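Peer 1: Sequence:
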Amino acid sequence: MKNGLLVRGHYGIINCRFEVGQIEGVTVKKNLQIAIDGPAGAGKSTIAKAIARQLGFFYVDTGAMYRAIAYKALRLNIALTQEEEIAGMARQTEITLEHSAARRVFCDGLDVTEAIRSPEVSRSVSIIAAYPEVRERLVELQRQEAGQGGVVMDGRDIGTYVLPDADLKIFLTASSEERARRRWLELQRAGKELSLAEVQRDMDARDHYDQQRAVSPLIPAADAILLDTTGLQIEEIVDRILSLFNDKVETGYVRSQNQ
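First residue of the sequence shown: 1, per full-length UniProt numbering; consecutive thereafter.
One thing to keep in mind: the hints can contain errors.
The list that follows gives simulated cross-link-like pairs (lysine to aspartate or glutamate, DMTMM-like), each with its CA atoms no further than 25 Å apart [claimed, not checked]:
| no. | residue 1 | residue 2 |
| --- | --- | --- |
| 1 | Lys49 | Asp207 |
| 2 | Lys49 | Asp165 |
| 3 | Lys49 | Asp61 |
| 4 | Lys49 | Glu236 |
| 5 | Lys49 | Asp239 |
| 6 | Lys248 | Asp165 |
| 7 | Lys192 | Glu177 |
| 8 | Lys49 | Asp223 |
| 9 | Lys248 | Asp223 |
| 10 | Lys49 | Glu235 |
| 11 | Lys192 | Glu120 |
| 12 | Lys192 | Asp61 |
| 13 | Lys49 | Glu145 |
| 14 | Lys49 | Glu98 |
| 15 | Lys49 | Asp210 |
| 16 | Lys248 | Asp228 |
| 17 | Lys49 | Glu114 |
| 18 | Lys192 | Glu178 |
| 19 | Lys49 | Glu178 |
| 20 | Lys248 | Glu236 |
| 21 | Lys49 | Asp108 |
| 22 | Lys49 | Asp228 |
| 23 | Lys49 | Glu177 |
| 24 | Lys49 | Asp167 |
| 25 | Lys192 | Asp210 |
| 26 | Lys49 | Glu140 |
| 27 | Lys192 | Asp111 |
| 28 | Lys248 | Asp61 |
| 29 | Lys192 | Asp202 |
| 30 | Lys49 | Glu250 |
| 31 | Lys248 | Glu145 |
Label-pair distances were calculated between CB atoms; the ranges are [as the list claims (entries may be wrong)]:
| no. | residue 1 | residue 2 | range |
| --- | --- | --- | --- |
| 32 | Ala197 | Glu84 | 34 to 44 Å |
| 33 | Gly88 | Pro164 | 19 to 29 Å |
| 34 | Glu84 | Asp223 | 27 to 37 Å |
| 35 | Gly231 | Glu85 | 37 to 47 Å |
| 36 | Glu94 | Glu114 | 14 to 24 Å |
| 37 | Ser243 | Gln92 | 35 to 45 Å |
| 38 | Ser195 | Asn31 | 43 to 53 Å |
| 39 | Gly231 | Glu84 | 36 to 46 Å |
| 40 | Glu85 | Val215 | 11 to 21 Å |
Source of the hints: derived by calculation from the structure; they are not laboratory data. Quantities reported herein were computed from a predicted structural model and do not represent experimental measurements. Ideal Cβ positions, reconstructed from N, Cα and C, are used throughout, including at glycine.
Modelling step: build the complete structure from the supplied sequences, incorporating the hints.
Peer 2: Listed below in structure tokens is the structure:
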């Protein structure tokens with residue numbers, strides 16, 4: 001084996017061994033992809049960032065891209081019902097995700113990392129994300145990001161549409177009450193005063209939009225592994241996914257050149 005990776009999980013060392021390049025007549029995949037999907041509050045971003053950090057992969061928060069478009073539409077006072085205008089705006093918008101510990105998000109050169117997490121943006125993003133031309137534009141950017149190397153990407157349609165050939169697909173979920181509680185605590189830490197009931201109502205509405213939209217609805221990929229995170233610690237979930245990744249790498253990614 002030419003290369004290897006020892007990942008220290010919370011509960012011990014996980015040996016994530018994988019080979020790169022060509023060796024003894026076989027082709028080995030280089031740009032490994034992990035897709036993590038699920039509804040709001042399931043823990044996607046926290047877990048995806050931890051996985052990417054452990055593996056030394058890029059992390060791509062696709063939700064931040066949709067939030068950036070929603071934020072810009074609100075800032076420009078574009079009505080959310082103006083699909084054509086919003087789609088045109090999206091095509092002209094430059095979104096940059098900073099691949100550093102800070103994970104800053106830039107929209108047309110403006111740092112919008114905190115602004116895109118506002119309750120107003122959260123209530124608007126599912127409406128905008130349902131527009132086919134907006135999704136087409138952002139999926140193009142997301143696939144470009146995935147071409148840079150090993151990547152962990154989270155969202156709502158990564159395994160089903162953005163990266164349908166991802167090497168590992170995870171669909172995270174949790175009870176509606178647990179997800180609302182997590183988001184409420186997150187907002188409290190950010191100094192945003194919303195009641196738990198308001199957060200629950202907004203989350204239920206977003207779930208409905210995401211699951212019912214005609215383009216890339218929120219559903220698990222047929223080959224995704226479902227993980228219910230209710231009551232679990234982040235470290236437990238991360239270790240579980242790292243173990244699944246290790247199994248996939250060891251059994252599935254040395255492909256014969258003759259295939």
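Peer 1: Please name the hints from earlier in the document that this structure breaks, with their numbers sorted from lowest to highest.
Peer 2: none
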